[in-house]
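With the hints as a guide, bring the two chains together.
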Amino acid sequence: MNTETVKTTNTATEKTVRISGSEAIIKCLLAEGVEILYGYPGGAIMPVYDELYKYRDKIHHVLARHEQGAAHAAQGYARISGKVGVAMATSGPGATNLITGIADAQIDSTPLVCITGQVSSHLLGSDAFQETDIVGISTPVTKWNVQVTKASDIPEVIAKAFYLAKSGRPGPVLIDITKDAQFEEFDFKYEKCTSVRSYKAVCKTNHAAVKDAADLINSAKKPMIVWGQGVILGKAEEELKTVIEKAGIPAAWTILGASAVPTEHPLNIGMVGMHGNYAPNMLTNECDVLIAIGMRFDDRVTGNLATYAKQAKVIHFEIDPAEINKIVKTDVAVLGDAKSSLTALIPLLEEKSYPEWHQKFKDLYAIEFEKVIKGDIHPTKGGLTMGEVLNQINIESKGDAAIVSDVGQHQMIACRYAKFNKTKSNITSGGLGTMGFALPAAIGAKMAAPERDVVAVIGDGGFQMNIQELGTIFQQKVPVKIVILNNEFLGMVRQWQQLFFDKRYASTEMTNPDFVAIAKGYYLEAKKITKREELADAVAEMMACEGAYLLEVCVEKEDNVFPMIPTGASVSEIRLS
Amino acid sequence: MEDTINTYTISIYTENNIGLLNRISAIFQRRHINIESINTSISEIEGVSRFTIVVNLKEERMKKIIGQIEKQVEVIKAYYHTDEETIYQESCMFKLKSDLLFEEREIQNIIRDSNARIIHVNKEFFVLEKSGKRNEIEQLYRDFSAYGIMQFVRSGRIAVTKQEMKISQMLVAFN
Numbered sequence: 205m206n207t208e209t210v211k212t213t214n215t216a217t218e219k220t221v222r223i224s225g226s227e228a229i230i231k232c233l234l235a236e237g238v239e240i241l242y243g244y245p246g247g248a249i250m251p252v253y254d255e256l257y258k259y260r261d262k263i264h265h266v267l268a269r270h271e272q273g274a275a276h277a278a279q280g281y282a283r284i285s286g287k288v289g290v291a292m293a294t295s296g297p298g299a300t301n302l303i304t305g306i307a308d309a310q311i312d313s314t315p316l317v318c319i320t321g322q323v324s325s326h327l328l329g330s331d332a333f334q335e336t337d338i339v340g341i342s343t344p345v346t347k348w349n350v351q352v353t354k355a356s357d358i359p360e361v362i363a364k365a366f367y368l369a370k371s372g373r374p375g376p377v378l379i380d381i382t383k384d385a386q387f388e389e390f391d392f393k394y395e396k397c398t399s400v401r402s403y404k405a406v407c408k409t410n411h412a413a414v415k416d417a418a419d420l421i422n423s424a425k426k427p428m429i430v431w432g433q434g435v436i437l438g439k440a441e442e443e444l445k446t447v448i449e450k451a452g453i454p455a456a457w458t459i460l461g462a463s464a465v466p467t468e469h470p471l472n473i474g475m476v477g478m479h480g481n482y483a484p485n486m487l488t489n490e491c492d493v494l495i496a497i498g499m500r501f502d503d504r505v506t507g508n509l510a511t512y513a514k515q516a517k518v519i520h521f522e523i524d525p526a527e528i529n530k531i532v533k534t535d536v537a538v539l540g541d542a543k544s545s546l547t548a549l550i551p552l553l554e555e556k557s558y559p560e561w562h563q564k565f566k567d568l569y570a571i572e573f574e575k576v577i578k579g580d581i582h583p584t585k586g587g588l589t590m591g592e593v594l595n596q597i598n599i600e601s602k603g604d605a606a607i608v609s610d611v612g613q614h615q616m617i618a619c620r621y622a623k624f625n626k627t628k629s630n631i632t633s634g635g636l637g638t639m640g641f642a643l644p645a646a647i648g649a650k651m652a653a654p655e656r657d658v659v660a661v662i663g664d665g666g667f668q669m670n671i672q673e674l675g676t677i678f679q680q681k682v683p684v685k686i687v688i689l690n691n692e693f694l695g696m697v698r699q700w701q702q703l704f705f706d707k708r709y710a711s712t713e714m715t716n717p718d719f720v721a722i723a724k725g726y727y728l729e730a731k732k733i734t735k736r737e738e739l740a741d742a743v744a745e746m747m748a749c750e751g752a753y754l755l756e757v758c759v760e761k762e763d764n765v766f767p768m769i770p771t772g773a774s775v776s777e778i779r780l781s
Numbered sequence: 078m079e080d081t082i083n084t085y086t087i088s089i090y091t092e093n094n095i096g097l098l099n100r101i102s103a104i105f106q107r108r109h110i111n112i113e114s115i116n117t118s119i120s121e122i123e124g125v126s127r128f129t130i131v132v133n134l135k136e137e138r139m140k141k142i143i144g145q146i147e148k149q150v151e152v153i154k155a156y157y158h159t160d161e162e163t164i165y166q167e168s169c170m171f172k173l174k175s176d177l178l179f180e181e182r183e184i185q186n187i188i189r190d191s192n193a194r195i196i197h198v199n200k201e202f203f204v205l206e207k208s209g210k211r212n213e214i215e216q217l218y219r220d221f222s223a224y225g226i227m228q229f230v231r232s233g234r235i236a237v238t239k240q241e242m243k244i245s246q247m248l249v250a251f252n
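Chains as they are written, first to last, in my numbering: chain A, 205 to 781; chain B, 78 to 252.
Next comes chain B alone, as it looks inside the complex (with noise of 0.2 Å):
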């Protein structure tokens, strides 16, 4: 487990302060260590902020880089988890042509089987959001490759742990 490149999901509970993120980001960019994926957020602590970071790293270096986050002044707790630990998700959207609707059949099985959703549709285009594990975002997007795709975007994972995090007694503790 030590020896291995491992995919962890880091979850950062922070003070919602300006210049932060660069802080944090900066302890990734000075080990040359590049950034899978990384969202913020609120919390479920009012002016609490959450960073979710996704990151390929052996575990022992992974330890490491947690202490060095957490020794940001503005960090109140940092964890890393697994897959494994977590439920987590991506969003993604498509927006593609509006023919494809009504000329394409395939594509209609396509989203009722994929369970995506159709979230805006003009004469032009129509957009269309599917959330759900990479594999299932990647095997969409193959998918609709081969009619052509007019724009793609996708999220940064965001996750929760199956196991508490005791983040909201730290705070108690503080008041």
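The following block holds chain A by itself, in its conformation from the complex (with noise of 0.2 Å):
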């Protein structure tokens, strides 16, 4: 290591210490202020885990029946709390294991470490047994990755590792350890890393550009505001909702937005987006002025890009320079984290609202509500709905809870009806699409805000996707809560299917085990409900369960989620049925 590219201050440890290299990783994450990781044990990480038992009083390892959960455990704890989540795995078939995770919190910004053992060094590239390029296969999917042959490198690693990880634009970092380096003696010295020569964590506030926001703000007739995940990453939600509040502007999120602004707040105007609500997506391609905050212009956000609010000014507040312009032109942009600048907005707003503009979007609700909403979530007739489950899960929680959500029509419904008074409470795997992330996630979530109920809302298909983290819950007794929507189909491909290819249902129906019986099988409190008439009881029931649950609610077969802007339409082409 060229140690001239890393800054340093020494906080953690004064004196060096003659240790292994496995037992410095565990200090390293002591010093990190690691207190729980997820994980999976084998032959090359096993020095580690012995030092892991060594030290249970301090760090608590929890073993995960896959590493695909450990990964995405360790995202659903970093996600609720902001903190850096920590994954630990073998060589091989461990290290492999961890990638789908890695590449969900790549592309969700999600802050991740993850630590996997390799083969000693002699071996490498002699196609030893459970060897592989674990740096090769993940350098896409890593904010940065690193192989550590030398235990001396290990302090100055990891300290890099989580300042990479959660600084800046977060992402997750992997450090692949030889065994021979774990085993090696060496004076132990942790200093934390502030900064890294080469890498610039957030650029200092443009007042200027911040000037000509303010100024394109306060002269628009119809602005509107879409926000991101960078309002919640960059702690922002304050300042956020007194930008909406002083410039009284209409405001809408991304999915992984959610919930940085209450749900019930008068200027939350919904969700954008491809199952986005139907006012937002409409009036894209009205407003005057679009102010885009922490968020980036995602396909599934813009619709056909060629009619995406092609008549607006762009403003795009945003922490990472790549993402500006990348998609969408933008007039002014706003480099920076999302707290100092909209700091920097908030004075030179001025006070203003635009009740003709927001009534625009409340007449457009009620089309949306006829249409669509009153159906999911007050339906009279039929099969249970998604839409309903969700509507009762609000009524016991007060919005109050953490809504895990896997992939697909759920994940839909969940984001658009679950409400929201917290930050941090959506956790759902955006960009990637991962199905089964939701169960593992809810497990990491729950582990580090054990305050919060957290409810995993989850589909047929993709609770079988990762399904063995049921023994996870068990084993660790994590209450957490989970409801099956069971529509015995992979729900939102049968819906593309019937709208786009006639019907033809190719591998999209399923014949689903009896998941009370697995439930029970891991010993989890369990219930099947079918009727309408049993579900204010069985949720109540569920939220009410002092250990984990789970709810199976079979639901109407064929249901679809609507609104929906077809693939490759304008986002004002959306479609209510």
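I should point out that these hints are in silico values taken from the structure, not numbers from a laboratory.
Since this is a predicted model, take the numbers as computed values, not measurements.
Hints may contain errors.
Not the full set, but computed from the structure, chain A residues with beta-carbon under 8 Å of chain B [as the list claims (entries may be wrong)]:
(1) Thr-209
(2) Lys-347
(3) Val-400
(4) Arg-401
(5) Ala-526
(6) Glu-600
We put the CB at the ideal spot given by N, CA and C, even for glycine.
The structure is reproduced here in structure tokens:
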């Protein structure tokens, strides 16, 4: 390591002590404040697990049932707490099994430090047992990764890893440590990393750009805000609320931005994107100034770019310079973290309100309510709907629960209808769309925030993708609530097959097992309901249960999620049926 | 300019760490962009490596790629330039039969006219080195082809920019 390229502060340990690389790893994790990590042991990481055994009263290792589960649990931990999630695995298959979680964390900017064991350095490249080039494999899906072959490099590498994972735009970092480096003894001293020469975490606020943004906002007739997860990652929820209220601007959110401002805030106008709300999608193509805050114009948000907000001036508040003009041409770009930028913006904003403009959102909401929402959350006939289950969870949680959703129809329904009072409450796989995310992520979320109710809402397909993590829930006694919305289909794919492939339901129908029996096999409380009149009591019973609880709700098999922007269509071509 | 495909020379200043070549080439691979040539070397700054990459792209795309390159933790700074903004060279080597030197008078003329250098001679073969622009090297290749080329190799482009790249100042600011 070239020490001149990294700056450190001596905060943790003062004197050096002679210890093994593996003990150093544990001491580094403790110095970074890690209390819980998720992982799975194996040959090449055994020396570290031996130290975890010795330090078991100081650091809690959670044995997942599959390394993918460990990675998603670490993500759930990070997403609800804002802290760095830590996952550990052995070499070869252990390491490759982490990859989906790492890729998910990369695209959703989740701070993660993954530590993998590697075969001894003299065996590298020899096709040794359980050897895989995990640094090569993980390169495109990590913010940074490195292989360590000398114990003396461990403290600096781990310090750098934590700094990089959480600073700037967060992301996953992977450290691959050979087994001989784990055994090797050296003089240990830990210093936290405070900067890296080649890396600029955050740009300083450009006050001229903030002024330009404020001028544009103050002169707008029909402004609209779309915020994303950058607000949550930047801890700028209060500042965003102040901006919205002072400038009186209707504000919508991306899927990962959900919960940064309470659902019931009068200027919260709902979700944008493919299955977002009618009003913010339609009026994206009518606003005169579009203010994007900590979001990246994902294709699921914009629909057809050729017809996306062409009439509007675009202001982009963003921490990552590579996002500016990447998808949508920006008129004013404000680089920096959301908290600093919005803090600078607030005093420049004029106090305003746009009653006529805001009324347009309300009018379109009324249309959406009549055509979609009413039938989703207050159905009077037919089978149970996913929407009414979410509504019932809202009634019981009063909006205080964290909702962890998987991927598919139920995810869109959960994000559309879940009521959020608190930030960091919507934990879902946004960018990568990873089925199997929710069950392990809920474990991590509940362990990071034991005081909160954590409800995992999962489809029957996604549940079976990481179903083995029920074992982790049982062993660790994690009191998560699991709601399976079972339509016996891979519902979102089936919906597309119905709409765009003439109902050819290729490999989307599921013949499912007895989920209640499986849960009971893990000694978890469980119940299955099929009728509307059972719903309220079942959800109440689940929420009141002290331990983990699985509620299987059999819902209408072929319900579709609307509104919907078909692929390639404009946001203003959003369909209500 | 934004809409036409141009040749750009990308100069990337980086830390000298294992795996960075992989990380940078992956940016192009992921976007299905062919790298015309790539060269890595030390730079004018001690401990800092320099990548020189040549690609054919529209400028709008080029700007976005630069953003993705600079986003990499161990990249200090990346620039892109047109041919007009750089002084650039490639280098090549020809291995040819030694007989040609004595039997074909025209060979000696070609060597002299092209400013190629003989860098090795033995009884069986001799080796020529030529640095220059791509078209000069291609001309030489065509000239020798008629006589039979035993081996040919050409390097990636290396280039310096006419304008200053303010990289040293950035590093001073860190220290």
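The hints, checked one at a time:
1. Thr-209: Holds: closest Cβ of chain B sits about 6 Å from Thr-209/A, inside 8 Å.
2. Lys-347: 7 Å, holds
3. Val-400: 7 Å, holds
4. Arg-401: For Arg-401/A, the interface hint holds, since the closest Cβ of chain B sits about 5 Å away, which is under 8 Å.
5. Ala-526: 3 Å, holds
6. Glu-600: 43 Å, violated
The earlier numbered hint that this structure contradicts is number 6, and it is the only one.
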